[in-house]
Amino acid sequence: MSLHLRAAVAVLGTPGVAATTPHAVLVDRLVAQVLRADLDPDLSLLAYAAPDAYPHKCVATYLNHLTGGKAHSAGLTGQGLGAPFTALRVADAYARTGQSSRPMIVVVESAAPASGDRSGPTEMAPELDSGVLLAFGVGDEPWTVAEVAAFETRGGLTQRLRCLARAEDETLYVLGPALDDDFAGDFAPGDGHAEVHRVQAGSYCTSVWLALASHWDAWSRSRRVIALCETDPLTGASHLAVLLRHADGVRSDTELT
Amino acid sequence: MASLTDITATRMALTTIDAVECCFPDRVVTVEERAVELELNAAQTHMFRRVQGLDRMHYDPGVNLLDLLLPAARKVLDQASAVRYLVFGQAYHGVPSMAATDTAEEIRRRLGLAHVTAFTLTEQNCAIPLTAIDVAGTLLRADGRPEAQALIVTGDKPRLREAQLVGNTCMVADGAAACLVSLDGPGAVVRSFATAGFGEFSDGMLMPPKQRQASALARPGNLLGVMEEAARRAGYTLDDMQIVIPTNPNTTYWTETVKDPVLRSKFFIGNVPRYSHCLGADVFINYATLRDDKCLTADRPAMFVSIGLGMTFSAMVFMPSSAAEAVQP
Numbered sequence: 001m002s003l004h005l006r007a008a009v010a011v012l013g014t015p016g017v018a019a020t021t022p023h024a025v026l027v028d029r030l031v032a033q034v035l036r037a038d039l040d041p042d043l044s045l046l047a048y049a050a051p052d053a054y055p056h057k058c059v060a061t062y063l064n065h066l067t068g069g070k071a072h073s074a075g076l077t078g079q080g081l082g083a084p085f086t087a088l089r090v091a092d093a094y095a096r097t098g099q100s101s102r103p104m105i106v107v108v109e110s111a112a113p114a115s116g117d118r119s120g121p122t123e124m125a126p127e128l129d130s131g132v133l134l135a136f137g138v139g140d141e142p143w144t145v146a147e148v149a150a151f152e153t154r155g156g157l158t159q160r161l162r163c164l165a166r167a168e169d170e171t172l173y174v175l176g177p178a179l180d181d182d183f184a185g186d187f188a189p190g191d192g193h194a195e196v197h198r199v200q201a202g203s204y205c206t207s208v209w210l211a212l213a214s215h216w217d218a219w220s221r222s223r224r225v226i227a228l229c230e231t232d233p234l235t236g237a238s239h240l241a242v243l244l245r246h247a248d249g250v251r252s253d254t255e256l257t
Numbered sequence: 001m002a003s004l005t006d007i008t009a010t011r012m013a014l015t016t017i018d019a020v021e022c023c024f025p026d027r028v029v030t031v032e033e034r035a036v037e038l039e040l041n042a043a044q045t046h047m048f049r050r051v052q053g054l055d056r057m058h059y060d061p062g063v064n065l066l067d068l069l070l071p072a073a074r075k076v077l078d079q080a081s082a083v084r085y086l087v088f089g090q091a092y093h094g095v096p097s098m099a100a101t102d103t104a105e106e107i108r109r110r111l112g113l114a115h116v117t118a119f120t121l122t123e124q125n126c127a128i129p130l131t132a133i134d135v136a137g138t139l140l141r142a143d144g145r146p147e148a149q150a151l152i153v154t155g156d157k158p159r160l161r162e163a164q165l166v167g168n169t170c171m172v173a174d175g176a177a178a179c180l181v182s183l184d185g186p187g188a189v190v191r192s193f194a195t196a197g198f199g200e201f202s203d204g205m206l207m208p209p210k211q212r213q214a215s216a217l218a219r220p221g222n223l224l225g226v227m228e229e230a231a232r233r234a235g236y237t238l239d240d241m242q243i244v245i246p247t248n249p250n251t252t253y254w255t256e257t258v259k260d261p262v263l264r265s266k267f268f269i270g271n272v273p274r275y276s277h278c279l280g281a282d283v284f285i286n287y288a289t290l291r292d293d294k295c296l297t298a299d300r301p302a303m304f305v306s307i308g309l310g311m312t313f314s315a316m317v318f319m320p321s322s323a324a325e326a327v328q329p
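Here the protein sequences come in this chain order: A and B. Residue numbers for the first sequence, in the working numbering: 1 to 257. Residue numbers for the second sequence, in the working numbering: 1 to 329.
Wrong hints could be hidden among the right ones.
EDC-like, lysine to aspartate or glutamate: derived pairs with alpha carbons at most 20 Å apart [to be verified]:
#: 1; chain 1: A; residue 1: K70; chain 2: B; residue 2: E228
#: 2; chain 1: B; residue 1: K75; chain 2: B; residue 2: D26
#: 3; chain 1: A; residue 1: K70; chain 2: B; residue 2: E229
#: 4; chain 1: A; residue 1: K70; chain 2: A; residue 2: D38
#: 5; chain 1: A; residue 1: K70; chain 2: B; residue 2: E200
#: 6; chain 1: B; residue 1: K75; chain 2: B; residue 2: D293
Covered by chain A, per the in silico footprint, the following chain B stretches (three or more residues, Cβ under 8 Å) [what the hints assert, rightly or not]:
#: 7; stretch: 100–112
#: 8; stretch: 128–136
Hints in this document: simulated from the structure, not taken from any laboratory. Nothing here was measured: the structure is a model prediction, and the numbers come from that model. Note that the Cβ used here is the ideal one computed from N, Cα and C, for glycine as well.
Okay, chain A solo, but in the shape it has when bound (with noise of 0.2 Å):
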């Protein structure tokens, strides 16, 4: 059964936070703005790049309590950026394999303290709190989730988005902070349907998806296809994950895998 997308909504704080921001109170902050008959998961998974700061609190388990209490909730991590991507994919293959019918990811990443120790990769000690909540159901209906994928360097991604450039004219590609303009028009050269969506920097995990939420209702009825394209700048590995609005809940006769 395909996954598709029920609802997005993002949180995103102000610069200059005093003390680091626990998961736990993103997760609040999320859930808070969605109805809670709207959730009810039964897989509930948190991406992150960076752990907790406080971290004796399982927020996974803390994040289904919110939303339930009857999912099979973990965390997922230790792939920088591609968490929330890798997320997606096994939601996907819980969904495909009859497992879940209403999977959640939320996707959370915690400003650096302004004062704080920014010793380390400056796209690990992001400026703003930022947090995502998806929603996902099960069925042929609009918004599917068509393809999620990895690659080892940037170059396989620049592969597959020509693919998907020759099956698919009328793309949005939500390209995060990391993929430049040059990489922007080989799929969107500005004589076709297609369109390029820039995501600026100050988020690393979290970027491409503030996006799609934050844009969620003006692109789910405008666009036809979605493209969430980004590079990790600290390890070169690229992730796309890509949705298909198919009319009327028909599948669309695109392929893209």
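Starting from the known structure of chain A, fit chain B onto it as the hints suggest.
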């Protein structure tokens, strides 16, 4: 009841556990020697030996996390042919663990695994290995590549004293394990999985006394619930289980948690005195011991159970195989 895998109701390929290996640092200390290192008093030390059932354990502060994890992973990798995923099942998340944010990737790199997706599963403390098996099997099934395999690596080293001495009832020791998961392989067949998370107890070690007491009171029922559900989903009852393979926090934990003496008699706690609690790796270590001692009867259901602070309860029914894993010397 939380997410449940009912393999028997589908016609999909079955998750199999095709190899399990565990490794420990050479250094062995008695519970008294470790108690001195942890600055415990005589009464506390006595409690760990006489009440909690500990005797000795592997512990070496000079062995770093990767040195702990990699030997078991290499032994399993020697038996693998097509690893597609590497899952690091990290017990502690964040500061209490010595794991870095890129530990999964570093394991992948040091094992020389190319074209492998490596990531960390966590936020379940010691319940994480069973979720790792379930996630790995699900990814393989969804990929539609029947030959692909997943390597699960478990084990952790606590950075903080409070995490080395969980609730003053559990001494964390050094031990790591790895597991090879595939579809329809020659190893033990996973028949079902049941798990439930209780986020009202998500503060774990920092729960106030009242909440800690409520968590302890709810624990027997919560565990029995997932065990019965896993057995039912596999088409069995708990009476059918030949053995239950739990984690090794101590011996009294299971006396307090499993009220039915007949069911409790099926719990394998023989490794508590010699290995103590190895974060995230206990169930695989215990499985390897039972396999090596030829204590697993092929084609009779057995069950893994794990409880993770925070609070996750999981149970998995598997069928030991007469091939490969069950007959290894």
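Hints versus structure:
1. Restraint check: the Cα-Cα separation between A:K70 and B:E228 comes to about 17 Å, which is no more than 20 Å; the hinted pair holds.
2. A distance of roughly 17 Å separates the Cα atoms of B:K75 and B:D26; the hinted pair therefore holds under the 20 Å criterion.
3. For the suggested pair A:K70 and B:E229, the alpha carbons sit about 14 Å apart, so the restraint of at most 20 Å is met.
4. Only pairs whose Cα atoms come within 20 Å are accepted, and A:K70 paired with A:D38 is accepted, the gap being roughly 14 Å.
5. Simply put, A:K70 and B:E200 have alpha-carbon atoms about 13 Å apart, close enough for the 20 Å limit, and the pair holds.
6. Proximity of B:K75 to B:D293 is assessed by CA-CA distance (about 19 Å); at most 20 Å being required, the pair is judged to hold.
7. Only residues whose beta carbon comes within less than 8 Å of a beta carbon in chain A count, and the stretch 100–112 of chain B has 5; three or more means the coverage holds.
8. Taking a C-beta to C-beta cut-off of 8 Å, the stretch 128–136 of chain B contributes 4 residues in contact with chain A, enough for the three needed, and the coverage statement holds.
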